[in-house]
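Heads up: the sequence lines are chains A and B, in that order. In case it helps, our numbering puts the first sequence at residues 1 to 346. In case it helps, our numbering puts the second sequence at residues 1 to 346.
Quick caveat, the hints were computed from the structure, so don't treat them as lab data. Treat the hints with care, since some could be wrong.
As the list makes no split between identical chains, a pair holds if one copy fits it or if it spans any two.
In silico lysine-lysine, DSS-like type, Cα no more than 25 Å apart, as pairs [said to hold, decoys possible]: (1) K46 with K142; (2) K10 with K142; (3) K46 with K110; (4) K60 with K10; (5) K143 with K14.
Number of protein chains: 2
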Amino acid sequence: MSEYRLPTIKEIAKRLNVSVSTVSRALRDHPSIGLVTTMRVQNVAKELGYEVNRSAIHFKERKTYSIGVIIPNLSEPFFSSALTGIEDAVEANNYNVIIGQSLESFEREKRIVENMKDHRVDGILVSLTKETSSYEHFESLKKYNIPVVFFDRIPSKKDINYVACNLVSGMLQAITKLVSLGHTRIGLINGPAKLAATLQRLEIYYKCLKAHNLQLDHEIIVSTSLSKADNRRAMSHLLDIAEPPTAAIVFNDYVLLDCIATVKSRGLVINKDMSFVSFANLPIWEYMDSVPLASIEQFAYQQSSMATDFLFQLIKYAGNPTGAEAPLLQHIIDSEMIEYGRPEGQ
Amino acid sequence: MSEYRLPTIKEIAKRLNVSVSTVSRALRDHPSIGLVTTMRVQNVAKELGYEVNRSAIHFKERKTYSIGVIIPNLSEPFFSSALTGIEDAVEANNYNVIIGQSLESFEREKRIVENMKDHRVDGILVSLTKETSSYEHFESLKKYNIPVVFFDRIPSKKDINYVACNLVSGMLQAITKLVSLGHTRIGLINGPAKLAATLQRLEIYYKCLKAHNLQLDHEIIVSTSLSKADNRRAMSHLLDIAEPPTAAIVFNDYVLLDCIATVKSRGLVINKDMSFVSFANLPIWEYMDSVPLASIEQFAYQQSSMATDFLFQLIKYAGNPTGAEAPLLQHIIDSEMIEYGRPEGQ
DNA sequence: GTACGCTACGCAACCGTTTGCGTGCAACGA
DNA sequence: TCGTTGCACGCAAACGGTTGCGTAGCGTAC
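Starting from the given sequences, assemble the full structure and let the hints guide the process.
Rendered as structure tokens:
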């Protein structure tokens, strides 16, 4: 509680008997201020421990030098590593990161957007909740001139800025591997229809089967709401059909954890009776006894740091009041298969 | 890009031919403004889509209505759940959360503190890095009147605000359970000496052994730097001594994952040849084949939300320029043992 | 001697809101 | 009729810094 008020530009001015404008300019090495004056000002500033009051600048410049990040759930390694990507990319620009976890709740997502809008963040990065299917809350941000970049979980719209991950590349590698191991009946345990990722995975699945001339059988395509119970139900369903698949593509590693438990509870052996390929690349597999043959890495860090770069481009654009519309920034990163499995036991 | 400028209080005033002060008061239902005027102002405000410019208020009030959170690593469930606790507690106060991951780097921690100071956050919540053993960077915040509350990983100092977790309660439960299962030689795989938690665990270990009249044997106390290799080394060391322990307390679940792998690689059976008790309560255990007998829950959410409450108390205190020194806010939460294990196989 | 240009600095407005204090006006009591 | 009171509102300063423009003083060229 020692110093209640920080020194201001005014006090420096008073001390030196110059005007505040001179001090302001001297501190920023403005050429129209003489060298002697500049030095004297800077010395006194240092002596007093002067620091600019950013709030004043924010106020005047109508910027807060902070960006909002809306993410479903930081307890998922994918997102926490995405956040690290954002932090690293933001640091260079001297910005702050305001965080909001939507916790997969659409309502919460809306509230967070509202709050960030109130706080006048300079831009927002978003990965959507599983529930989100309308995007008005983001569109209203245009009025406030707050740019938005989506990453990974992006809206099914065209006129947006985004960075996403192309799963085809990784999936093709994975199916090629499965085929090379002799699998011909490869199932799909997909996510909820709401998610863009679900449709995407389905399309990719079709594409990859076709690429390998494998028979398409709708019986071995199931979907889950991603709840624990439903994951198990989906897996059980696959095992119960007359001619079960010998391998399955699974929506993500979390679903897979449940699938593995289900398979094992039936006394079946992972990677022998049933092989898996999953998405997400959880760091825990190296500790697990039962692992997928492979997981498809979606590069959270790279996605989010590129999205952050996009956002800063848009922020610069928004700053220039050239009437010109900002360009759409869109990019798709290739996924990659990461091998884990030890096929056929051991 | 449609509306470049948001409507201000001035425009409302102009529209109604009243002064800005009247508008300002009317918007906040000030009693000295007539009912009619108040209504007219509020109507026009709604019509224009007026919203207060918080930057102006922040500037005037010298507050940013945001708090900083410095956390080692959000990829640890403990910390991501702590962050959720903070978000929930903050929401009620209409504050924002500015996040900074120190990634266990002391230098990074200092940089983050510096940045948050520049941004004039109203307060800071911290959980220290493993490296942090000097605290000047936090003490300098006093000059700026920015209160700090530590949680979980707290400095070894007396004059600080903190919330921490008392491990004695949980540990006592765990050792009682081990003893009831017949264990008498219980080892300790501890963390690096730098961490306060390490010393704490050691003291608790002593205390609990004594409480059960167990013999203290320094040979079965080892420590690890928390690196994967060192975790395995530590575990191997325990197994290699003449009379190995039949159970061990392990610093945390991450270390335990490595210990389990080490034990199994020797063909030994978890919870039969070697039983474990650990800290942290990772959500993954339910998917694992080999689990500790019990894990000691440290209540990240509760710790962090209480720390947040503390912080808001201090912020209020800092706002009142009563010369009075703020009180020290300190609290310790009891840990609890969570049982997982199925002793003696299955 | 006048006109001009350059250097080095000051003046004042501005960003949007809050708030202490002042004041005109009407009602009221004496 | 005059003084008092209270209501409803306006004035202006303040928060800290930036910036367009104005200008004093000086040197220089004609």
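Verification of the hints:
1. K46 with K142: between (42 Å within a copy, 19 Å between copies)
2. K10 with K142: between (38 Å within a copy, 23 Å between copies)
3. K46 with K110: between (45 Å within a copy, 20 Å between copies)
4. K60 with K10: both (17 Å within a copy, 16 Å between copies)
5. K143 with K14: Only across copies: K143 and K14 sit 23 Å apart there, 43 Å inside one copy, limit 25 Å.
This entry satisfies every hint, going by the numbered hints stated previously.
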